[in-house]
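Residue numbers for the sequence shown follow this note's numbering, beginning at 15 and rising by one.
Hints were generated in silico from the structure; no laboratory data involved. Keep in mind that the hints are not guaranteed to be accurate.
In silico EDC-like links for lysine to aspartate or glutamate, alpha-carbon gap of 20 Å or less [to be verified]:
1. 155 <-> 144
2. 52 <-> 33
3. 52 <-> 34
4. 140 <-> 158
5. 140 <-> 151
6. 103 <-> 113
Listed next, with one range per pair, are the computed distances between beta-carbon atoms [as the list claims (entries may be wrong)]:
7. 112 <-> 145: 46 to 56 Å
8. 67 <-> 132: 43 to 53 Å
9. 133 <-> 111: 46 to 56 Å
C-beta: ideal position from N, C-alpha, C; glycine also.
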Amino acid sequence: MKLDGVGQAFGALVRQAREDRQWTQADLARRLGALLGKDVNPLAITRTEAGTRPVPFEEVAAFAQVLNLELDPLINPPQARGSADDLAKRAAELGAELDQAHQQEVQAMAAEAAARRQLTRARTLKRELERELQAVERALKDADA
15 MKLDGVGQAF GALVRQARED RQWTQADLAR RLGALLGKDV NPLAITRTEA GTRPVPFEEV
75 AAFAQVLNLE LDPLINPPQA RGSADDLAKR AAELGAELDQ AHQQEVQAMA AEAAARRQLT
135 RARTLKRELE RELQAVERAL KDADA
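Produce the entire structure from the sequences given, and follow the hints as far as they go.
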């Protein structure tokens, strides 16, 4: 791999990991800054993700730690090798695996949404029962008095 593509590959991995966590660039900058003990400008995140900013190794390690990523893939992106037929076959396999992973993601998201609804219902019921218990305890206390 030519070294001129490492910055773009690194930036793409950082952007994907940040977006997976639903963080803004400012969120990531704050977290990096806290780890590094210095202010990190969100513009540095923008330029890193675009692959236009040289990133010192200390920051590469900080990105890996903050985003919970393995360091090796960040600095050694995978390379595809083989004949055109082999690469086409692998691309088809990866496409099928990606479709399956997407379906699993959708199922997990649906399960998460159902669990959140169930949690909301349980919390609402709990609050209602707590209020009723308090009312009954007050009435009992008044009856004893």
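Comparing the hints with the structure gives:
| no. | hint | result |
| --- | --- | --- |
| 1 | 155 <-> 144 | holds, 16 Å |
| 2 | 52 <-> 33 | violated, 23 Å |
| 3 | 52 <-> 34 | violated, 25 Å |
| 4 | 140 <-> 158 | violated, 27 Å |
| 5 | 140 <-> 151 | holds, 16 Å |
| 6 | 103 <-> 113 | holds, 15 Å |
| 7 | 112 <-> 145: 46 to 56 Å | holds, 49 Å |
| 8 | 67 <-> 132: 43 to 53 Å | holds, 45 Å |
| 9 | 133 <-> 111: 46 to 56 Å | violated, 32 Å |
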